[in-house]
Every structure is written in C-alpha cells, then in structure tokens.
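In order, the protein sequences belong to chains A and B.
For the first sequence, the numbering used here assigns the number 1 to the initial residue and increments by one for each residue that follows.
For the second sequence, the numbering used here assigns the number 1001 to the initial residue and increments by one for each residue that follows.
Because the hints were derived from the structure by calculation, they are not lab data.
The structure displayed is predicted, hence computed values, not measured ones.
Glycine included, C-beta positions come from ideal geometry on N, C-alpha and C.
Please note that the accuracy of each hint is not assured.
Said to hold, decoys possible - Okay, derived cross-link-like pairs now, BS3-like style, lysine-lysine, Cα gap no bigger than 25 Å in a straight line: (1) K1336/B / K1307/B; (2) K1116/B / K196/A; (3) K106/A / K1014/B; (4) K1292/B / K1333/B; (5) K196/A / K1102/B; (6) K196/A / K1066/B; (7) K1105/B / K1116/B; (8) K196/A / K1105/B; (9) K285/A / K207/A; (10) K196/A / K1104/B.
Stated by the list, open to error - Chain A is nowhere near these chain B residues, computed Cβ spacing over 12 Å in every case: (11) S1006; (12) V1124; (13) L1126; (14) D1168; (15) H1212; (16) Q1239; (17) Q1330.
Said to hold, decoys possible - Only some residues are given here: those of chain A computed to face chain B with a beta carbon under 10 Å: (18) E185; (19) A186; (20) A192; (21) K196.
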Amino acid sequence: MNAMTNVHPVKAPTLQQALHDTVWVRWLLTAVAVGFIALFLCLPLAIVIFEAFAKGWETYSAALLQPDAQAAIGLTLLTALATVPLNTLFGLCAAWAVTRFEFFGKSLLMTLIDLPFSVSPVISGLIFVLMFGAQGWFGPWLSEHDIKIIFAVPGIMLATLFITFPFVARELIPLMQEMGSEEEEAALSLGASGWKTFWQITLPNIKWALLYGVLLCNARAMGEFGAVSVVSGHIRGMTNTLPLHVEVSYNEYDFVGAFAGASILAGLAIITLILKSVLEWQQGKH
Amino acid sequence: MSILLSNISKNFGKFSALDHINLEIPEGELVALLGPSGCGKTTLLRIIAGLEQADEGRVLLSGEDKTDHHVSRRGIGFVFQHYALFRHMTVFDNVAFGLRVKPKKTRPSEPEIAGKVHALLELVQLDWLHDRFPDQLSGGQRQRIALARALAVEPSVLLLDEPFGALDASVRKDLRQWLRSLHHELNVTSIFVTHDQEEAMEVASQVVVLNHGRIEQQGAPSDIYDHPANAFVSKFIGQTNVFSLEHHDTQWLQTTGLQIADDRQGKTAHVRPHDIDIQKASDDDSAQAILKDWQHLGALIRIELVKNSPDHPNATVYAEMPNEQFKQLQLHKGDKVSLRIRNAHWFH
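Extracted from the complex, chain B is given alone in its bound form (with noise of 0.2 Å):
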C-alpha cells in the first residue's frame, strides 16, 4: 500500500515536532526514516500509525483519507522500540491478540488462528519458544515475536520505532539483514525510525532525511551518500571533512589539486575520507599534511593527518584506504605526506 503524507505539521507546545511534511512513499519499498534524536521521525511514525494526531495535514494509505481513522482501523501493523510484548501473556497469545479481537464476523476459528500463528512463529524462527512468556526471551527474540504479531493480522504497511534500537551489535548485525530478506518476502510497505544512518544505508530502499522536523532528503540510499542535497545530510550520512574557504582553506586546498570556481566563495567543500589520495611527500614543499595516527577499521584504515598549512595548525583530516594499499604505501607516524582530493561537494 502507498502512503502518502500531505503538508503534515506537528507543536508540542511552542516546539514544532513536524513542520509541513510532504511525503510520498511507493507500494513495498522499505523505507529508513533517518535523523538525529528529537528531529520528530517517531512523531512521524506516530502519526502514520493513528498513534498520535497531526496538528495538520493529512494520511492518505492507497489513496484513501486516513486522518481520522482510528489506530485500531488504518491496518496497519507497529512494531515499537522495546517490542510492548504483552508480559501476561505466552508468545502463542501474544501472536494471536490481533486474530482474536476481531469482530465475531470476521474472526477466524480457534484452529485457524493456531494454524497462522505457528506459521508465523515459523517465519520469524521462533515456533518452539510458542509456549514461553515474553521475560523469558532475549532481546532479538521478542524483538521478532513482535514483528510476527504485528504481521498477524496481515497489515498493508508496517511501521517499525528504533528496531534495532536496543539490541546488541552482533544480533543487531543479524536481525538487520533478516528483515531485509522478511521484507523481499513479504513486500509489504514498510517504514521503520533509525538514528544510525549505517543501518538505515544497509537495510532501506529508500532513505528520508529528517532535521528539526523538516524533510532534508529522500532518495535510494546511493544517491543520498553520492549527491548529499545539503551540509546538514553531508555530515550526518558518512564522515566527510570540512574545509571551510573563509577559513584560509583556500590556498590549501588549491595545492591539492582541487579545482574552485569563483562561485564557490563563501562556501564550504565537504570531502569524504575514501576521496582523499595518499602519496609519500617527496620534498617537504609538497608535502599537504603530517601523517598523525591511524586506525584499523577491518577492510579500511583510517588515517588521521594534521595539515602541514601556516594559517591553520593542528586542524585534522581524515582520510581511508583499503587495508592493502595502505601497506604498500610503507608510511609511518611523523611522514610527511602530499594529499591529492578527488572530489568535494560544495555547500553554503
């Protein structure tokens, strides 16, 4: 089911949660609502779901006005941040709640609705945990019980608070890639919170940049890394280095090979890490940057420098390299080394 959000606005008291959101969502994509905390993307998800009322503005779930649907009646399925398991009762119950409080119409029979559970419990890898209560489960665990439940009662989007919010890395690594795969499954419309922009990169089909309650950009995961609309998406998807050219960055960053219109005065170059070469300094004229620490990140290393510029000591850039190149390279602590910028995208 599309969702499609018009001119939504939201106050909390004299703070604007949500200011005129426009938002077009299309059939089966995974969505990663992504922004900092308190940039109002779970106020979002709220107001999707019928949680919580927008000041403004209106739902539409496949073209149809949802604004005053009750929670209970937008079909929708939510899966929130520490899973709302149901403590007194069995993971079975829990599954079958949705099922079991439809109207008598429409209510399926008590084998049938046993029959979906334990498929479900199935799908989610859990069926032999059927007869244990929520304490009795790790975080993962619950985490994908709630999922199962939430899908029981076959919504037409799922709605996702902070999933992997409260997980350990390792298992939040896992559950990543198997709601990835539940979701090419399942293909229903899915929309789910994070902070952790990696995660939203890995696991989304579409990313939505949120900031102070406005829309920054939306788009497939690459398109937001490669072409950031703004400084703010710059620095929050990937580590980019800023170079300032009011700041005396200019001259600098002419000897690295960087081409500058006239029309980029007043702005900032951002550079990401990988877009940054590395040679061994031939002579201590050419030579950008000091070589200063760096870091192993597996695959990559991190290499911080120091910039070897009058105007400006001590200021830190960051560059990475695969592990292998970095080897050959035979640098070390103290080397001084000549930088050559590949690519910078320029913001105000």
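Bound conformation, chain A alone (with noise of 0.2 Å):
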C-alpha cells in the first residue's frame, strides 16, 4: 500500500537508471563502432595517401606517368567499358525473365546468379584457366586458331564479366518482383509496345535501381583482383590492370608507385560510395 502513494519517488529513479544505462551502452557501442572504422577503413585509406604523396607530388605523378601505370589504368578502364554494359544488359534480361515470366529452371536461375559471390575470385579464375589455357579443355582447338585467350585481354574480360554479373540482377529482381507487372499490362492493354512499355513504364520504374546495380559492378570491375590475377600473367604494359600493378610495384619495392596507383582506386571507392549514397537517396525519394 506504502509503495502505491509513493509511485514517483519509486518510480523516478528506477526510469533514470535505464536511461543512465542507455547512455552508457549506447556510448561503448558507438565508440567501438567508430573506433573499428577508424582502425580498419580510415586509417589504411589515410595511409595509402600518405605513401604516394611521401616523396613528394612530383614522384607522385611521374610514378602514375610512367607507361606501364598508364597502361594499367588504360586496361582497367578498357575492361570496365567492356563488361559493365555487357553486365547491365544480362542484369536486365535476368531480371526480366526470373520476375516476368514462369519458365522450368527459374529457381536454378536464380541460384546460379548468385554463383560469383559464393565461389571464390581464384576458383572462378582458375575456371577459366582450366576451360581457355594451353592444357585446357579449348586450348589445342584455340592455340591452333591463334586465339589467345588466357594471360591476354580476353581472358581478363572473361574473368571481370563472370566476377561481376550478378550485381545489376541482385539489385532489379527484389524491385521488379515488388513492383509487379500490373502497370506494363495497363500500358500494354493501352495499345503500347513492348519496346515503348519498356522504355516509358518499366525503365522509368527501375532507373535508381538500375544506376544503383551499374554503379557496383564497375566498382568491382574495376577493383576485382583475384580472379584477373589468375588470368593475367601479369605482363607489364600488357595484362596489368591497375590492382595487378599495384601488387607488382609493392613486390618491386617500388612504393611511390604502388601507393600511387593504390590512391586512384581508393579514390574511385570514394566516388562509388557518394555516388552510392546519392542514388540511395534518390530511390528512398521514389
């Protein structure tokens, strides 16, 4: 009875001391979140900046000058131009066909789009080895056509196309499948095309998403290591992507170089991730 008419003064304290509490958990967690990323994230991105900056802007920029980093950063870009468009368009059609229509495999379908992210980057690389190498599977048949495949450009394209594909479907299917096909049925019951119900209704529809999914896979088309490394070969000024130089200059003591190369594809993460946010913020608009 006594407790009852002193409900406050009880009560108060008690409320006081979860929030105290609170507080307290709520700093430890948040100091040992922001202290991991710090460790982790801030200070190795802080580092690669310092050493290619060490000796100075001018060693900086002539280590990026120097003709095998040239084609390195030439070849990178050259293997993203190649395999992004290519992968949006699967990304599409994936999307598409797995949220549109009922076919016999579709789970399979589904499963295996997911295949680059479950298998390891040297496995997938090692793949290709084994299928386009000189004692592969299609090597006689390719040495005797003169086709090069592994430890050349092909090989490396080959190798980012299979790393990278499923990020443009990963992101539209969950939209599409959400979205349903009931306002393409409208367009289409309104005397549209296809073509015209895909540009007008669908794209419209999916672009955030779209550019969300394109956006990823160039940032790992342009920073995927383990499997290119497989079918690299590593020639200077020829199969080094930037990655592959960055590893070749580290192991050559080259740090200027290494550090420097290491900058603009940290500097490219950097794009990717306000890039990232914005197109976020776009679709949360949306």
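Got two chains here, separate frames each, mind docking them using the hints?
What follows is the structure, given as structure tokens:
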C-alpha cells in the first residue's frame, strides 16, 4: 500500500537508472563502431594517401605517368567499359525473365546468378584457365586458330564479366518483384508496344536501382583482383590491370608507384560511395 | 461490341481454372462476372483482354476472332484491381498515354490530345487533379483516373477487375452508382469482376455466376434472384435458409403450410428470409419456432428464430420483414411464433 502512494519517488530513480544505462551502452557501442571504422577503414586510406605523396607531388605524378602505370589504368578502364554494359544488359534480361515469366528451372537460374558471390574469385579465374588455358579443354583448338584468351586481355574481360554479373540483376530482381507487372500490362492494354512499354514504363520505375547496380558492378570491375590475377599472367604494360599493377610495383619495392596506383583505386571507391549515397537517397525519394 | 466466348478452358498445372466456358454478351450490356474467390472470374476477364492465353477455345469480339491478337491490338480498355496507374507520370500524362503511344499515322496532335484528356478528366469529374501524381490521390480518385485512362483509347469493350474491391464502403457505394450512370452515358459493352453479389445485383444489367471454372447461371439480376438455377446460385445470391427433407425437416415444413410433392423426396428446400411470415403463436402446439434475437438492417429487421422441433433442435432460421411490420407484431425475445413459408426453391 505504501508503495502505491509513493509511486513517483520510487519509480523516478529506476527510470533514470535505465536511461543512464542506455546512454552508457550507447556510447560504448558507438565508440566501438567508430574505433573499428577508424582503425580498419580510415587509417589504411590515410596511409595510402600519405605513402603515395611521401616523396612529393612530382614523384607521385611521375609514378602514374610511367608507361606501365598508364597501360594498367587504360586496361582497367577498357575492362570496365566492356564488362559493365554487357552485365547491365544481362542483369536486365535476367531480372525481366525471373520476375515476368514462369519457366522451368527458374529457381535454379536465381541460384546460379548468385554463384560468383559464393565462389572464391581465385577459383573462378582457375576455371577459365582450365577451360581456355594451353592445357585446358579448348586450349588446343584455340592455339590452332591462334586465339589467345588466357594471359591476354580477353581472359581478363571474361573473368571480370563472370565476377561482376550478379550486381545489376541482384538490384533489379527484388524491386521488379515488388512492383509487379500491372503497370506494364496496363501500358500494353492501352496499345503500347513491348518496346515502348519498357522505355516509358519499366525503365523509369527501375532507373535508380539500375544505376545503383551499374555503379556497384563498375566498382567491382575496376577493383577485381583475384580472378583477374589468375588469368592475367602479370605481363607488364600488357595484361596488368590497376590492382595487379599495385601488387607488382609493391613486390618490386616501388612503394610510391604502388601507393599512387592504390590512391586512384581508393579515390574511385570514395566517388563510388558518394554516388551510392546519392542514388540511395534518390531511390528513397521515389 | 458483342463478346462471344466459345469453349474457353484454362489450366494452371493440374488445377482447372476454367472449364469449357461458353458465353455470349450482347452489345452495350454491363455484365458482372460473379463468383467466390478462385472461381476463375479474373482469369476469364484476363483471357478476354488477351493478358492471359486460354489453353483451348476462341474469343470473338464483334464476331471477329481475336484469340491470337496481342492485348495491345484487341481494342479493349482494362481497369486493374489496384488501378496500375503509372506512378512516375502525372494524372494528365497517365490519361494521355494511350493516345501518345499510337503509331504516328493515327496519333492525334498534342493539342488534340490535351483537349481529349481534359474532356475525359471532366467526365470523371477530376480535371482539377490533372497535374497531381498517383500517390497524391485517394483510392476513389485513382479508380476514376484509371477508368478515364482506359476510356481514352475509345475501347470497344471495357473490362474491370474488382473495380470497387480496394475502396472504403462509403466510397464504394457512390462509385457503383456512378459507374452505372457512366455506362448509361457511354453505352460501351462492359464486364466487371466481383465477388460481392450485392454489387453485382446493384450495378449490372446481366449477371454471370461462376463457380469452380464453370458458369452456373447467366441472366438479369432479378431472374437470378427469383429463379436460381441450382443450390449454389441460391445460396450465393442473397441469404437463404436451407431445409433438408432427409434431415427430418419434412414434418416441420408441412406445418408451415409449404406444399411438399412426392417427387421432392431427397431434395432440399431453399427459402428466402423474406418469404417467411411470422405471427405470434396462439398456443404452444401451433408454434414452429422461438424468437431468439433480431438485428436492425435499416428498413428491414432480420429475425433469428430457433426451430421448435424435437428432431432438430437449436437450428436457426432467418426471416426478414419491414421495420414497421415488425413493430406492429410487438414480439419479444423468447416469444413462441408460428411461421408461414410462402415460397421455396427445390434443389438436389
């Protein structure tokens, strides 16, 4: 009974206590998270930039202007330019097929789309070597016809294509599943052709998710190391992409060269992050 | 445009959604496809539209076989259950879409399109919303915009999938009347799908009752109500009391004045609640039921009665009568009453 009359004085401290605990826990968790990010994300990034400019701007730009670095940057851009549009197209087709049609083996296709995520990139590269390498399945036939895939640019393209093909499809499938096909059916019933329906109805509805997927696909295409490393053969000025150039330079004690290359990849990552936030914000708005 | 469906069948795996449907709809009718969920009514509507392909059978519009025509070339207007407005376009652009995607040769000029769109928006009384986006509209407004959009291409057949299904009860009532008068004005052959028998009776000039992928009955609303073709239709359209002669109801029914011919053995009698007259019982022997409860339905009173029969106690019988009449009877809960059944339908 006494407790009933003293409800306020009794309750107030426990409430405060609870809030106090929460504040304490909140600070601790935040500190752990921020500390972790600082230690494992910000610090390495700072070191990359610090090391790249350790011998001044001149050495930095000279490292990037040397022919091997230029070739590596060129090859990376070329690879992205070839693989990203192809995988955008593939992603659209796959998402369309999976969300708009019923067919035998659909769930198998869905699983297979995720395959590059679950297989180690090195294994993926190795598969291409086993298929197209000199001792591989198609090796003799390829050498007969004088076609080089492994230890050449086509191999790098193939490996990158394989590694990056889930990105666009993975972004589009959930969105298109949720949207359903009613708007498209409405457009068709109003006399629109399939092509017009795609351009005027489907694409405007999925454009932000599509761009998001393309962005992630591009980031991975430019940054892929494992699979490309296996098929490239590390021929300087020929089959080195930027990530491989960083490794080669580092192994040869050309630290400025390695970190200069790394700084470009890091810059790319930061731009990707900014664009990603912008796209996420746009997606949320629509 | 008249619609003729001949022998339409559709299976989803082993499930038969439509089983040899034959249906003829004359020009200018407003037809309800009525049935419980899963009866195949939406599938049938989508087959007429060309959004779904029948496994078997032909679809003829105005005598022309359109079975193999793509949905975009059937000349139909389709209003989707959830409206399917283009969310990235304004109301105006939504309605204009069908005109803008026409091939260059038949496409009206942009001023002509604007004139037509505004006329349609005025027809649905929403011209003031022309620059809004779909997510800024209420359900009823979306529905009317979807209708205006479908009408823009001057379809010869208008198909509506559960047009009032996603609306509030009060908005639904208004829109029903509105759709009916709009149809009167435009006179375009229209079919709408519904699971709500009241809606079908109120709006449609013809009702087609579907069940398990088959047509149970087709006719004017009053025909279907007054002369149900079978037990399913009788139970599905309006309320009905079912008395089974096998379940010892025979004797009890006879005391209500209902004639039971010999050939009705093994059948069931379906009695509408308003076909039952109630009188205060003069003595216990003449009482067939006890008044258990009643509910106010506005102009009508629904009366719950418990059968006063030793064979079949506790069975509830529903009766209905006008409010005034019920007041005059001065009945109370627990009163013993005698019943007169005026009319019954007999089914197996």
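Practice task
Any hints from earlier that this structure breaks? Give me their numbers in increasing order, please.
Solution key: none
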